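> In case you want the letters, here they are:
There are 2 protein chains.
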Amino acid sequence: MASNPYDAALAHMTEVVGLQYVITDASALRSAETSTFSTGHRIPGIIRPGNLAEVQECVRVANRFRVPIYPISSGKNWGYGSRVPAADGCFLLDLGRMNRIVDFSEELAYVTVEPGVTQAQLSDFLRERGSKLWMDATGASPACSLIGNTVERGFGHTPYGDHFGNSCGLEIVLPTGRIVQTGFARFPGATAASSYRWGVGPSLDGLFSQSNLGIVTRMTLWLMPAPEYFQAYFFRCEEPEQLPALVDALRPLRLDHTIRGASHIANDYKVLSALEQYPWERAGGVTPLPGALMRELHGELKIGSWNGSGALYGTKRQVKEARRLLRRALGGIADKLQFLDDRTLRMASAFAKPYEFLTGWNLKRTLALLEPVYGLMKGIPTEHPLASTYWRRRTPPPAVMDPDRDGCGLLWASPVAPASGRHASKLTALASGILLDRGFEPMISLTMITERSLACVVSIAFDRELAGEDARALDCYHHLMERLAANGYYSYRLGLLSMARGEQPDSYSDLLRELKRTMDPAGILAPGRYVATDAAVAEKANARTVVDSGATANGGMHAMQSL
Amino acid sequence: MASNPYDAALAHMTEVVGLQYVITDASALRSAETSTFSTGHRIPGIIRPGNLAEVQECVRVANRFRVPIYPISSGKNWGYGSRVPAADGCFLLDLGRMNRIVDFSEELAYVTVEPGVTQAQLSDFLRERGSKLWMDATGASPACSLIGNTVERGFGHTPYGDHFGNSCGLEIVLPTGRIVQTGFARFPGATAASSYRWGVGPSLDGLFSQSNLGIVTRMTLWLMPAPEYFQAYFFRCEEPEQLPALVDALRPLRLDHTIRGASHIANDYKVLSALEQYPWERAGGVTPLPGALMRELHGELKIGSWNGSGALYGTKRQVKEARRLLRRALGGIADKLQFLDDRTLRMASAFAKPYEFLTGWNLKRTLALLEPVYGLMKGIPTEHPLASTYWRRRTPPPAVMDPDRDGCGLLWASPVAPASGRHASKLTALASGILLDRGFEPMISLTMITERSLACVVSIAFDRELAGEDARALDCYHHLMERLAANGYYSYRLGLLSMARGEQPDSYSDLLRELKRTMDPAGILAPGRYVATDAAVAEKANARTVVDSGATANGGMHAMQSL
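Just so you know, the sequences run in chain order A and B. Read in my numbering, the first sequence has 438 at position 356, and its numbers run on one by one without any break. Read in my numbering, the second sequence has 329 at position 247, and its numbers run on one by one without any break.
By construction, these hints were calculated from the structure, which means they are not laboratory data. All of these numbers come straight from a predicted model, not from anything done at the bench. Please note: incorrect hints may appear among the correct ones.
Which copy is meant is left open, so a pair is good if it fits within one copy or across any two.
[As the list claims (entries may be wrong)] Taking lysine-lysine and the DSS-like style, the derived pairs with C-alpha atoms no more than 30 Å apart in a straight line are:
{"#": "1", "residue 1": "Lys214", "residue 2": "Lys508"}
{"#": "2", "residue 1": "Lys214", "residue 2": "Lys384"}
{"#": "3", "residue 1": "Lys398", "residue 2": "Lys435"}
Construct all of the structure, not just a fragment, from the sequences and the given hints.
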């Protein structure tokens with residue numbers, strides 16, 4: 083018999099999946115433990131099951147030996163922790179091999195996928211069969227898992243941007259190894275399993291998103307019929323003070339569905355980081371970016387303080403009317419409002435020079451930025467935004483980018499605010515101030531993710547190879563999260579470090595922990611992921627009585643090490 | 083001390099809410115036990131708490147004495163069981179006194195309400211303050227609770243027709259008496275508590291819909307900005323065989339959001355029952371309605387085999403384009419397609435005669451039917467559809483209608499199908515056959531409740547005062563539910579009798595029962611409601627081994643009587 087539970091579990095899981103699908107090579111494990119920020123969680127092995135039965139069997143082995151497992155789909159959760167588990171000592175359960183597109187309906191506009199299916203794979207699938215359906219894509223990377231992003235409640239840029247809101251029919255392996263299917267999918271032969279979300283009786287889908295209560299092994303994603311006509315819009319505001327009026331002008335159009343997709347507003351830092359790396363030379367080697375240099379760059383690159391994009395979908399006449407309403411709403415508020423469709427884009431690429439002459443708009447230079455954004459609004463995945471994670475690096479992004487491997491420092495905070503100008507203004511001013519004070523460029527985007535909400539993403543980008551930078555960035559991140567919460571702006575999604583910090587005890591998290599104990603009595607599934615462990619909560623409660631809360635930042639992690 | 087737990091609990095709950103808010107009068111209890119179909123569940127008392135703390139205290143008393151309580155909001159769950167609990171011997175916890183509108187935002191288009199707030203109350207509230215927001219209403223009654231309908235996942239007729247899909251921020255009293263708030267509402271001062279659904283971490287909203295896991299005491303409902311222009315459409319098809327083409331023509335428009343509201347298609351029986359009572363005299367006293375008479379009525383009342391309604395919302399130009407697309411889609415499929423707006427309606431009311439001369443459409447007679455339907459598509463509640471519950475009665479509906487009191491027999495089945503012509507046709511043919519075979523008129527409506535789904539409602543309407551009719555209707559209902567399920571059409575919502583029949587054991591219902599045991603260890607909250615009790619499941623499993631499943635129909639109820 084193996085000498086300790088980890089070895090024993092590993093031996094049994096190896097029997098389940100086969101030796102070639104178990105990774106214990108030290109360098110591979112170190113790389114899986116590497117994120118875009120500093121974490122200390124170790125991974126004893128990576129297990130790659132190939133099907134549902136193997137996932138169940140691995141879960142049973144984990145229960146038998148009481149060792150924690152941590153499922154990932156593609157593990158590209160950059161800015162939030164990449165592949166790194168929320169607790170120390172978890173086996174990584176890599177579901178990437180389960181990459182079948184299980185069901186597809188052109189008529190009802192849905193696709194049912196396994197966790198390993200990537201954005202690129204679905205995009206290719208739809209194109210190859212000449213489908214008239216569009217997927218929604220995030221800017222993360224074509225190699226990202228669809229399920230991974232959806233269960234994290236990530237978002238994209240088309241009218242189907244609220245990914246979790248456009249999904250149903252989950253297949254889940256519970257922490258005990260049993261399988262449940264949600265909605266009508268639980269009933270044999272249910273005809274509406276992939277078209278109707280709620281099913282009958284209590285609806286459990288939400289329980290398995292941002293959660294450690296089950297492993298999602300299959301899911302239906304709704305797709306969007308390609309519109310007859312598509313037109314993107316881009317606008318900008320020169321002055322930062324124009325933001326509240328902008329948001330207040332867009333909200334009614336989002337509420338009445340004139341704008342059906344997620345309108346996206348990025349500040350100058352965000353746009354700049356998408357266009358180029360940190361201008362080390364012009365900045366004279368100092369950080370953060372000097373204000374005077376930013377003003378120069380505004381002019382050179384035609385960047386506003388706020389830069390918007392979005393798209394109109396419909397028949398030619400529907401889009402024409404939406405364009406009229408958008409023009410009317412943004413008149414006197416946005417300094418520049420441009421529209422772009424496939425025809426203009428083709429012409430622009432071919433005749434960039436005369437186009438510039440006619441319009442004053444240097445299309446060629448901005449096309450490099452515009453094309454991927456334009457594509458995203460049609461649900462075409464792109465690797466382009468990934469380059470911005472290399473912002474503070476002194477070497478250019480390699481051909482095959484890997485932010486974890488390449489020392490790119492990135493921490494994302496993603497507070498949600500109501501879609502109101504006042505909140506947009508307060509939230510972004512707060513975040514900007516905190517980042518600038520600590521020497522980081524405040525890269526901020528606001529996405530009108532739903533009719534009433536703004537999802538704000540604040541990126542802290544840094545160079546992990548610079549001594550002390552990891553710690554400075556973490557300090558900035560934690561301070562930012564604290565100040566945002568104190569002002570009522572809570573994140574729609576948490577990074578590893580926020581989970582480890584644990585929850586303030588409240589009745590909601592008490593209930594979650596009760597459900598966790600019921601559904602995962604041995605506590606083997608992704609401990610600490612969104613649902614705090616009892617040990618972490620107890621430790622936090624104890625710590626609070628003697629020291630300030632800062633000292634307990636790693637409380638959750640410490641408790642895990644006893645496993 | 084009181085002699086039995088019921089008396090003791092009643093005494094304590096009376097102390098909590100005050101004597102004037104406890105009803106134990108025999109005739110009031112008998113009337114609360116009366117539904118639109120036969121049930122045997124008894125109610126020992128009605129408790130009417132006035133606020134959150136009183137609800138909590140009543141729940142604690144129920145735990146202490148292990149007596150079951152059954153919360154209702156307005157209790158107008160007609161066709162599914164009215165106020166009658168899913169188990170015998172439950173105290174009714176009537177939340178009708180908690181009727182505050184707690185929060186409202188014109189800017190972000192939402193309202194936060196307590197369970198006692200009715201459709202009429204919110205409608206008045208919006209009108210009185212000159213709000214530019216529309217609510218969504220169901221056809222049930224102006225006196226229906228908004229929360230009651232929403233947690234049952236009921237639906238209406240505007241673009242906000244999927245009620246539960248347009249809600250967030252639930253406040254819940256757990257079966258232990260603790261309070262949780264869902265989404266961001268759980269965090270102090272969260273700015274997006276009423277605008278963003280998911281919050282962070284596992285999302286629990288779904289757990290508390292169609293459920294017995296908590297009492298919803300507060301909830302945010304999203305409202306719709308009134309459009310610049312509103313136009314209703316009505317169409318009909320003479321032949322039953324036109325249905326599949328109709329659904330297939332409408333689906334793309336629903337999927338691409340040209341039609342944003344729920345398009346509604348009703349068969350001739352459904353429309354007839356909305357226009358008048360059973361034509362006893364012309365039918366020569368026989369049921370079901372003779373086919374030849376129905377054909378006569380088609381001509382007289384301008385009813386088609388299928389009759390559709392819906393509305394277009396937007397600017398004048400948006401509606402104009404939607405009208406063009408709808409005309410194109412239904413050309414050659416619908417026999418008649420008419421549009422109606424406020425102006426036409428006013429003119430029609432004034433000039434019904436010349437209008438008929440010009441258009442051939444007898445507007446005056448149909449206005450009686452059209453006006454409430456027209457209003458519903460603007461979210462204006464109406465009592466009109468309630469009259470159809472008197473269909474088979476031999477006396478006309480009284481001024482103040484009460485189907486429970488008045489012996490109206492009504493059983494609703496509400497199977498969901500994908501929005502495909504093939505399924506619409508198969509489902510409605512199946513239901514029609516079963517009802518006609520058993521002597522009932524198959525009143526059927528199909529609502530395109532979401533982009534991909536049809537919610538079908540099949541009404542079995544009968545006269546409860548007729549000997550043997552209760553039993554015949556129940557037999558028909560159970561057979562219908564069984565055949566629908568066997569063909570893959572499962573109901574989006576269950577009536578009392580389907581709940582009592584219990585679940586087929588599967589891992590999903592196993593999980594629900596585990597959650598129920600964890601969250602409600604004493605089993606005091608609405609036992610048997612959507613989540614089967616352990617006793618009922620055990621009994622059903624035993625019964626299945628010796629007799630056919632029909633014999634166990636009351637398994638759940640029987641188990642309850644031991645309480």
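> For each hint, tell me whether it holds in the structure or not.
Hint-by-hint comparison with the structure:
Taking CA atoms no more than 30 Å apart as the test, lysine 214 paired with lysine 508 passes between copies only; the shortest distance there is 27 Å, against 42 Å inside one copy. For the identical chains of this complex, lysine 214 and lysine 384 are neighbours neither inside a copy (36 Å) nor across copies (39 Å), given an alpha-carbon limit of 30 Å. For the homomeric pair lysine 398 and lysine 435, the shortest alpha-carbon distance inside one copy (28 Å) is at most 30 Å, but the shortest distance between copies (40 Å) is not.
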